[in-house]
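Take our numbering: the final residue in the sequence shown is number 133, and no numbers are missing along the way.
Since the hints were derived computationally from the structure, they do not count as laboratory data.
Please read all numbers here as calculations on a predicted model, not as lab measurements.
There may be inaccurate statements among the hints.
[Said to hold, decoys possible] Keeping only pairs whose Cα atoms sit at most 27 Å apart, straight-line, the calculated DSS-like set for lysine-lysine is:
hint : residue 1 : residue 2
1    : K102      : K69
2    : K115      : K128
3    : K102      : K117
4    : K111      : K128
5    : K110      : K69
6    : K102      : K115
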Amino acid sequence: MKNIVIYTLGLFLSLGLISCSQKEEAKRVPLAPKKVKADTILLEDVALPVYSSFSGVVEPKVRVNLSAKIPAYVKVVGVEEGDFVEKGDLLVRLDDTEIRSKINGLVEQKKALQKDKAALESDYSYAKALRSF
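Turn these sequences into a full structure, and let the hints steer you where they fit.
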């Protein structure tokens, strides 16, 4: 049985070597090149922005608690969560109508006190002048 397998294998190897030893050039028929119409486009160098995007979590260097020095309603929120901010950026705008009315009242008080001061200085200088007689 072993001998039959060896002989069969040898036969196939011999046939394979004989069939591969023939020249391929004799089998090929030279063909003339064909002309084919093709649509073409011109390429040009273009500078493309190179960037990579990654997902992740950014932790701040410093956490800052925000608080107002005065009680007021928030009128406008200038940023959203995740926005980049720098020193001096407007974060929130407070409703300042009450504060402005208080400031206007204090300005009027100051003007009245300045008038009172001027009147008192005038009275003082008059009294001083009377005393010197």
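Which earlier hints can't be squared with this structure? none
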